[in-house]
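K.L.:
Since chain A is already given, all that's left is putting chain B on it; use the hints.
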Amino acid sequence: MSAETLCWRATRFGFMLLGNEFALDARQHFVEQHTATRKSVMWVRTGDHSLMAGNPARLEDYVTLLVNHEYSYLMRDGGVIQIAYTFERDRIERHRLAYYPCPFPITTRDINSYDGGSSSLLPMRLCQMSKRTYS
Amino acid sequence: MRPNSRGGILRKIEREIANLDQWQNRGAIEYANGPQRIRGLAGSGKTVVLALKAAYLHVRHPEWTIAVTFQSRSLYQQFRDLIRRFMYDQIEDEPDWSKLQVMHAWGSFRAPGVYSTICAVYDTVPQDWRTADTKYGSRAFEGACEELIPTIRERGPRPLFDAILIDEAQDFPTSFYRIVYSVVSPPHRIMWAYDDLQNLGDYEMRSERELFGSDDNGRPLVTLHNDPDKPKEDIVLPVCYRNTPWTLATAHALGFGLYRRQGMVQMFEEPSIWPRIGYEVVRGALQLGTQVTVRRSPSSYPSYFAQLLNPDDAIQCSVFLSVNDQYRALAQEIQKNIQEDELESTDILIVLPSAYTSRRTGASIMNVLSDHSISAHLVGVTTTRDEIFQPNSVAITHIFRAKGNEAPMVYIVNAEFCQSGFALSQKRNILFTGMTRSRCWVRLFGVGEQMQQLKEEVDRVRKHNFELDFQYPDQEQIKRLARVHRDMSEEERRDWEQKISAVGDVFRAVLDGDLPLEALPKDIRDRLVSLSEKEREALQ
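So the protein sequences, as listed, match chains A and B.
Going by the working numbering, the letters in the first sequence line up with residues 12 to 146, in that order.
Going by the working numbering, the letters in the second sequence line up with residues 2 to 541, in that order.
Derived by calculation from the structure, the hints in this document are not laboratory data.
As the structure is a prediction and not an experimental result, all values here were calculated from the model.
There's no promise every hint is true.
Pairwise CB distance ranges (calculated) [what the hints assert, rightly or not]:
#1 A:Met63 <-> B:Arg74: 23 to 29 Å
#2 B:Arg74 <-> A:Leu62: 21 to 27 Å
#3 A:Gly65 <-> B:Pro392: 24 to 30 Å
Below are the DMTMM-like pairs computed for lysine to aspartate or glutamate, each with C-alpha atoms no more than 25 Å apart in a straight line [what the hints assert, rightly or not]:
#4 B:Lys500 <-> B:Asp488
#5 B:Lys535 <-> B:Glu477
#6 B:Lys337 <-> A:Glu15
#7 B:Lys523 <-> B:Glu538
#8 B:Lys337 <-> A:Glu43
#9 B:Lys480 <-> B:Glu492
Ideal Cβ positions, reconstructed from N, Cα and C, are used throughout, including at glycine.
Looking at chain A on its own, in the form it has when it is part of the complex (with noise of 0.2 Å):
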């Protein structure tokens, strides 16, 4: 498989996700050309943000991801899930796909305050712990 149909269908199966209400966002990939014959497939980035994290993840880690929207699927139950791939030619030389598991409950209230427009779909006391900011 291409990175271009990789990417293509990443995309997709991410919109189809999000249109059956099995995630709750999904981000576009995109492929970058590093060299003639090396190229990456990545969700849309928003920052040079590091994708490094500890191992198990810690809350804050988890927070982050969200923040700088690092991921490819965000799903209902609040599960990170990031896929991308390196090829080299048509060969996959690198990949990440990682899943980070929500690490607190995700209510349907809270999806419905979000809906609403009273608060952010994930619960905003979560960013504040790893901000430590009163409001």
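P.N.:
Showing chain B alone in chain A's frame:
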């Protein structure tokens, strides 16, 4: 960049807004030595005026401690930039940020806010958001401030600031004003900027008495006067810089349903609100039960809109045969915006009127945009309302998240959602809010017959040359409109849907010959006739 591309036009408009001279020359920055209220529509420049006032006071009284505060974190940088620019303009010097303190209303461990600073001066531990949220839910800030009031009352006022300027004043609880009053030294230079009419149906403005309360003898602590030859204490900013006059007039026409086939949806109870929000009477009179024609007053918008934009391009309304046709057209338009019109992805905002289907709709739209190699994202899933835009990506947001944000090009898709049905006031408010997010161009997209009807309303506004011509309803009619089109709970809506479905079964049985017409009692038949006449009249 081509000067006449959308991108080129946008840059010119941004330059005009950023030109500080026009602000300094206006009476709006006049300074009263005491409390002062500033009101205006969203986009009337309240933030700029507050920043100018802050800088002016800082230049005149560098020894004063002045606070500038707000709710949206995005305003922090905006205030600092504006104040700095103004200072360099005036005295070519950097503000002393230890005396002129730009701070969030609440505060954090890293950066003090007004609330946390007041707590510190009263030796009280400030509540963090989490604790207050657990205790008070959506009233977290109100509760936190309220808890502080008895301590302040017991220990008396402790002057902390010589002046405080509050932006987004409508979003602050009354208890915040009460605690602020105690820490601003007499003559209590508190300046607060209030958004007039964020929502068509919600135009209650808390009076100064309500905000600050009364003394032991029942006398209000703060009263505002506009006396001749004295600086005004209650300032109205009449010019709307955010929206073109055509967008605003059309948004009001649609919001109220003024040209709706089936009749008006809602109306201000007070006709006097119209001039306050920048309208002038062309014909008739702004009185209950009277025919009137109003239009945006020429003094209510900056002249560059008419020089740089035209109404036909500023507002467009398109009807599609299918949802997929609509999304394809949307993607093509956006592609054109980015590739030919020289707009950035971040200049574009897609607004979805129905919050409850926003993820599903968003997924469909992103799918089609992806086919056109356009990056897009859903707003607010994991971030706050302040962070709506992401680099090189078109923001897709449901209406509640769009509030308080703006973009030069706004697409409202599936706009037919706002055309009819239950809770029409709320749906029309959605349309109004969506349209008024646009700084230059707005596109209403939708599908089918309902959208066609909405387009007719838009066309009629255009045909009337953006004048709003209507019979002002009387008090009784306004109340009836509010009742008919009120917001409904899920339960109430379901109940009505069941009743309507049952009535439908009866009519179907009569029409199919399963039930004689005479089986319906005469009074019901009479009401049916009168209903059908009413419908015919509406369609004529």
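K.L.:
Verify the proposed pairing of Lys523 of chain B with Glu538 of chain B, using a straight-line Cα cut of 25 Å.
P.N.:
holds (23 Å)
K.L.:
Is the gap between the beta carbons of Met63 of chain A and Arg74 of chain B within 23 to 29 Å?
P.N.:
Hint holds: Cβ distance 27 Å, inside 23 to 29 Å.
K.L.:
The hint says 24 to 30 Å between Gly65 of chain A and Pro392 of chain B; measuring C-beta to C-beta, is that right?
P.N.:
The hinted range 24 to 30 Å holds for Gly65 of chain A and Pro392 of chain B, with Cβ atoms some 28 Å apart.
K.L.:
With a cut-off of 25 Å on the C-alpha distance, tell me whether Lys337 of chain B and Glu15 of chain A pass.
P.N.:
holds (24 Å)
K.L.:
Can you tell me whether the CB distance of Arg74 of chain B to Leu62 of chain A sits inside 21 to 27 Å?
P.N.:
holds (26 Å)
K.L.:
Please work out if Lys535 of chain B and Glu477 of chain B have their alpha carbons no farther apart than 25 Å.
P.N.:
holds (19 Å)
K.L.:
For a C-alpha distance cap of 25 Å, please report whether Lys500 of chain B and Asp488 of chain B respect it.
P.N.:
Status holds; Cα separation ~18 Å.
K.L.:
Just to be careful, I want the Cα atoms of Lys480 of chain B and Glu492 of chain B compared with a cutoff of 25 Å; is the pair within it?
P.N.:
holds (23 Å)
K.L.:
Is the hinted pair Lys337 of chain B and Glu43 of chain A satisfied, with a Cα-Cα distance of at most 25 Å?
P.N.:
holds (23 Å)
Checked against the numbered hints above, the structure breaks none of them.
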